[in-house]
Amino acid sequence: MTKMKLLSASIVAGSLIVASQATLAYEAGDILLRGGVAENNATGDGIDVSDDSAFVGSVGYMIQDKVGVTLGGSDKFEHNLSGQGVNGEVDSQPIDLMVEYYPLGGLDSRIQPYAGVGANYTRFSGESSGLSVDNTWSPKGEVGIDLVVTDYLSFNGFASYADVDADYNTAGGASGELDSDPVMVGGGVTLSF
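Residue 99 in numbering that gives the first Met the number 0 sits at position 100 of the sequence shown, with consecutive numbering throughout.
The hints are simulated quantities; they were obtained by calculation from the structure and are not laboratory data. Small disclaimer: the values here were computed from a predicted structure and weren't measured. Check the hints yourself; a few may be wrong.
Label pairs and their calculated CB-CB ranges [to be verified]:
(1) Asp29 - Gly129: 45 to 55 Å
(2) Leu106 - Asp44: 18 to 28 Å
(3) Glu77 - Gly172: 38 to 48 Å
(4) Arg109 - Val66: 36 to 46 Å
(5) Ile144 - Gly84: 33 to 43 Å
(6) Arg122 - Phe154: 27 to 37 Å
(7) Leu190 - Asp166: 33 to 43 Å
(8) Ala114 - Glu38: 41 to 51 Å
(9) Gly84 - Tyr60: 44 to 54 Å
Even for Gly, the Cβ is constructed at its ideal location relative to N, Cα and C.
Construct the entire structure; sequences and hints are all you get.
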């Protein structure tokens, strides 16, 4: 009798696991909301650019099982600049439009890696007195992974790179290109509907 109960419980548990796996796939028509924190590691080319962390978020739509479109942005990253006649502060706020590929999209997997390419618009503000940095467009690439916990909740990790080259000038006559090329690394949660 005990073996029969154990067998029945195993069959029910196995069926539930299989059924729950079937709903974990990202599919065409899904909406993905991501939120978290990222570290902005700007490289600077001749000008030292300090790193900062900020909240990031995005909303995405799966146009096919394996392809999605995402619009993302962040709170302001605060940077200290020094070198080549520049000594001041500036805030950067990236906004991205990405096309992302999910190789396991449409498949029953608790791991959903992705890679994306797109356009980045970086808005600069809060410049120190006498410093002006122009807003700029640049290409961007990103890789990430969602670790699926439930039908609607995943933990997310990502890394991205944007080729940000913004023109600057100072009241002291210095001018040039701020080649910050930020590498962002972050994590958070993904909600899927």
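Hints, one by one, checked against the model:
1. Asp29 - Gly129: 45 to 55 Å: holds (48 Å)
2. Leu106 - Asp44: 18 to 28 Å: violated (42 Å)
3. Glu77 - Gly172: 38 to 48 Å: violated (25 Å)
4. Arg109 - Val66: 36 to 46 Å: At roughly 20 Å between Cβ atoms, Val66 and Arg109 fall outside 36 to 46 Å, so the hint is violated.
5. Ile144 - Gly84: 33 to 43 Å: holds (42 Å)
6. Arg122 - Phe154: 27 to 37 Å: Distance hint for Arg122, Phe154 holds at roughly 29 Å.
7. Leu190 - Asp166: 33 to 43 Å: holds (38 Å)
8. Ala114 - Glu38: 41 to 51 Å: violated (20 Å)
9. Gly84 - Tyr60: 44 to 54 Å: holds (45 Å)
The earlier numbered hints that this structure contradicts are 2, 3, 4 and 8.
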